[in-house]
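Student: Fit chain B to the given chain A structure using the hints.
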Amino acid sequence: MPDSPLFTAAAIAVIVLAVAVVVGVGLKVIRSFRDLGTDAERATYNTLHAASRAGQHLRGGLHAAGAAKASRQLRMLLGCDALAITDTDSVLAWDGVAEELRPSLMRLASDVLATGRTAVVPHAGPPAPAKSEHGHHEFSAVIAPIRAGSKVVGSVAALAPAAGAGLVRATSEVADWIAAQLELAELEASRTLLMEAEVRALRAQISPHFIYNSLNAIASFINTDPARARELVVEFADFTRYSFRRHGDFTTVAEELRCIDRYLLLERARFGERVQVSLRIAPEVLSTVIPFLSLQPLVENAVRHGLEAKEGPGHITICANDSGAFAEVTIEDDGVGMDPEHLRSVLAGHTDGEHVGLRNVDARLRQVYGDEHGLVIETAPGEGTLITMRVPKSQPGHDA
Amino acid sequence: MNPAVGLVAFLAVSITTAVIGFYGLRISRTTGDFYVASRTVPPWWNASAIGGEYLSAASFLGVAGLILLSGTDALWFPVGYTAGYLMLLLFVAAPLRRSGAYTIPDFTEARLDSRMVRRVTSLVVVAVGWLYIVPQLHGAALTIRITTGLPSWVGSTAVVLVVCVTVVAGGMRSITFVQAFQYWLKLTALAVPVIFVLLVLAGNDTPHQAQLPVNPTGQPATSAYQNISLMVALLFGTLGLPHVLVRFYTNPDGQSARRTTLIVLGLLSVFYLFPTLSGAVGRIFAPELAQSGQADALVLLLPGKLVGGTAGELLSALVVAGAFAAFLSTTSGLVVSLSGVISQDLFGGSVRGFRLAALLAAVVPLGFAFTTDTLALAGSVGLVFAFTASTICPVLLLGIWWRGLTDAGAIAGMVTGALLCGGAMVIGTVMGQGNAPAWLAQPAAWTVPAAFAVTVAVSVWTKNRVPASVNRVMSRLHVPERPVATER
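Residue numbers (the numbering used here), protein chains in the order written: chain A, 1 to 400; chain B, 1 to 488.
One chain only, chain A, in its complex shape (with noise of 0.2 angstroms):
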């Protein structure tokens, strides 16, 4: 094989590859050679800048990993040798020289984080004679809280030759500022909090309507037709321990096409041959992840809303699609229909009462994987219903 199109190929690939690496060094090098304006402008934005990539480590709240990368910054901010960030209780990063220190960090800092005032300590750590002999000249030490509302949850460690009280200041403005900072990760985290409780409050119940309607239905069985009422109770049996299972938001399509099938027995109980389904399910999605009860409620709008005004038989259909990163699930029915001005308000919120299975569905849809994934419903009255869902198949946060 002389020349093989991987070898071409390859070799394009390396090309491309180094162009690419030249034309951004190159372009590194030309910015920091042009004009940025004054000394002062420059400084401000460099400072600025330290802060905001530091910010961005410490927004995780006060750990390791985001302590020792924002500490490197705030080393080069404050212009000291050793910068090390502490909890209550050890040292969570050091940045600098002087890391021989580390250990004896704590017992020179626990006066701070006790009395919450900074402190500064001219000898910092003990005079390490093997070491001055080669030229290391002792460190003194700035200690400065980080105070989180009234509580000291850590503190931080400037290390200089000298500690000038520029030196102090502008390390109790750095606690502070971190201090602001973990105050926004703990925004932050109560943001989260609140989305899951959300998330919670809005997951589905099925309808009381439905309860009683079932177990009428059943009822009417049991005198003509025993074998039946006595199979329909089990049914329903399972659907409500699918329904009210506490574990877990998230579930496969596999398990809620089953959740619905129980569902349209129990409704056909009532309905008779009035309700007609076909699926079509691609086998690749069975597997996806999909908010717990998701489904069923739009099969239940299909059916209350949709079919049961209808005269005669009415047809659901059920799709599901691989559509590249993403699964499509379409419920189709030829039922009455809806007014999209009447749907809008209702899914909006503004009307209470009917369709509040679509709104619940919608609403937490939005909540899981952002507003581009809502329901999309087309419908006119007289027309049917067609409502689209869109999840992406990959999910590893979720657990089925």
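Honestly, the hints are just simulated from the structure, not real lab data. Cβ coordinates follow ideal geometry from the N, Cα and C atoms, glycine included. Treat the hints with care, since some could be wrong.
Here are the simulated distance ranges between beta carbons [as the list claims (entries may be wrong)]:
hint: 1; chain 1: B; residue 1: Val270; chain 2: A; residue 2: Ala20; range: 17 to 27 angstroms
hint: 2; chain 1: A; residue 1: Lys28; chain 2: B; residue 2: Tyr225; range: 36 to 46 angstroms
hint: 3; chain 1: A; residue 1: Pro103; chain 2: B; residue 2: Thr462; range: 18 to 28 angstroms
hint: 4; chain 1: B; residue 1: Val270; chain 2: A; residue 2: Leu194; range: 56 to 66 angstroms
hint: 5; chain 1: A; residue 1: Arg169; chain 2: B; residue 2: Arg119; range: 33 to 43 angstroms
hint: 6; chain 1: B; residue 1: Leu90; chain 2: A; residue 2: Leu194; range: 43 to 53 angstroms
Calculated cross-link-like contacts (lysine-lysine; reagent style DSBU-like; alpha-carbon spacing at most 35 angstroms) [unchecked claim]:
hint: 7; chain 1: A; residue 1: Lys151; chain 2: A; residue 2: Lys28
hint: 8; chain 1: A; residue 1: Lys69; chain 2: B; residue 2: Lys463
hint: 9; chain 1: A; residue 1: Lys28; chain 2: B; residue 2: Lys463
hint: 10; chain 1: A; residue 1: Lys151; chain 2: B; residue 2: Lys463
hint: 11; chain 1: A; residue 1: Lys69; chain 2: A; residue 2: Lys28
Tutor: Positioned in the frame of chain A, the structure of chain B alone reads:
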């Protein structure tokens, strides 16, 4: 060969593929069949689909051609292609199925909690996919040229067109069924002609092969290093093939993912009997093909040559159909998984983006295929495996089995593997085939360990970057699933 035969076979396969793709799902089921629908695809069916997607031009045409050229040494290819699945079974199938990630970039992002790793992985996956599509298109070009006499570009363009149209029009909705059908088509298309040829030969019993030279084609034997390197490439390369991984999601759980892989091993073993037989028969009865540089066309020409007549024509048509099934299935599988990756990282995952990405995923390799020409399909696919083994495999294996992997380590490993293996390929080209030393022609034996070593070393060095989520992700990968709530 009658040109119409090739064309008819090609059209028939394309249309069947499209029809199954579009209508495979359109069987309306009543509620009574709900349980059937919600039970996932049985492992048998799924295994056939994996086999269909996996058996590419290299397996269908290349293996027989290589056996014709270099005899028993070529047997390492089918051995490696099949044994790669053993690795997949042992180390990857079940944990990956549990991870919930649909593509390798999804997996690395979830495991290492880093967007950067995702981007690098996506780049590598797209590169691998493109490199892998090119030999398929070459196979198509060769098949069209040999069977119909049309210029080469017609074949590759036709395959790209068919794949683009079906994927863009949403015709791969029931891709599992399409691929499963393709496996059985390929098996039939290889097995029936070979059996016929053997029957004819047994009936004739004219040639006395004892006098034939042991090495009729005069190719030099490969060294032990080359064979070892090839095995490393094939064993580890299978682990990272983007289009194979997705198939495991059609399994309901990790255990059935394992069972599927086991069946795949069996299906592949059966399949490879036939190219091997073809190659052996060709070595005895058609050694002149090796000289004329048409070794890869052996499978296509053998029935016409040894059976002849209408029977020969029909058998040829069957083989051509099988060959196109191979090109179409592998290419469409790759295009679908590549467009998933491209659309997600480039176009934000919209439906339109997916279509654009599908075009991009298919047209770029077509450009490569036009500008290059190859004769040894099995060899070039072997190099794609070497590239995959040096880039994706270390990250995947270490990501599943080693808690210490960091994002920096993963990126360093992938870049090292890509540069070393890509570099070896390029230098090998510049030096020209045959002049390049074995360690450049088959780089996997040193690039794969190098990539592993760099990944581990950088990860150890950047120990503090181990993601905080490692415990959660690892337990998800390795703890068996909750048993599905039992029916009544």
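Student: Would you mind confirming whether the straight-line C-alpha gap from A:Lys28 to B:Lys463 stays at or under 35 angstroms?
Tutor: This hinted pair holds, its Cα atoms lying about 29 angstroms apart.
Student: Falls inside 18 to 28 angstroms, the C-beta gap from A:Pro103 to B:Thr462?
Tutor: Given range 18 to 28 angstroms: holds, Cβ gap about 23 angstroms.
Student: Are A:Lys69 and B:Lys463 close enough, with their CA atoms no more than 35 angstroms apart?
Tutor: holds (13 angstroms)
Student: Tell me if the straight-line CA distance from A:Lys151 to B:Lys463 falls inside 35 angstroms.
Tutor: Given that 35 angstroms is the threshold and the Cα spacing comes to 32 angstroms, the pair holds.
Student: Sort out whether A:Lys28 lies within 35 angstroms of A:Lys69, counting only the CA atoms.
Tutor: Holds, at roughly 22 angstroms.
Student: Is 17 to 27 angstroms right for how far apart the beta carbons of B:Val270 and A:Ala20 are?
Tutor: violated (45 angstroms)
Student: Note whether the CB distance of B:Val270 and A:Leu194 lies within 56 to 66 angstroms or breaks it.
Tutor: holds (57 angstroms)
Student: The hint says 33 to 43 angstroms between A:Arg169 and B:Arg119; measuring C-beta to C-beta, is that right?
Tutor: holds (42 angstroms)
Student: Please work out if A:Lys151 and A:Lys28 have their alpha carbons no farther apart than 35 angstroms.
Tutor: violated (43 angstroms)
Student: Within 36 to 46 angstroms: is that where the Cβ-Cβ distance between A:Lys28 and B:Tyr225 falls?
Tutor: holds (42 angstroms)
Student: When you take the CB atoms of B:Leu90 and A:Leu194, is the distance between them in 43 to 53 angstroms?
Tutor: holds (44 angstroms)
In this structure, the hints that do not hold are numbers 1, 7, in rising order.
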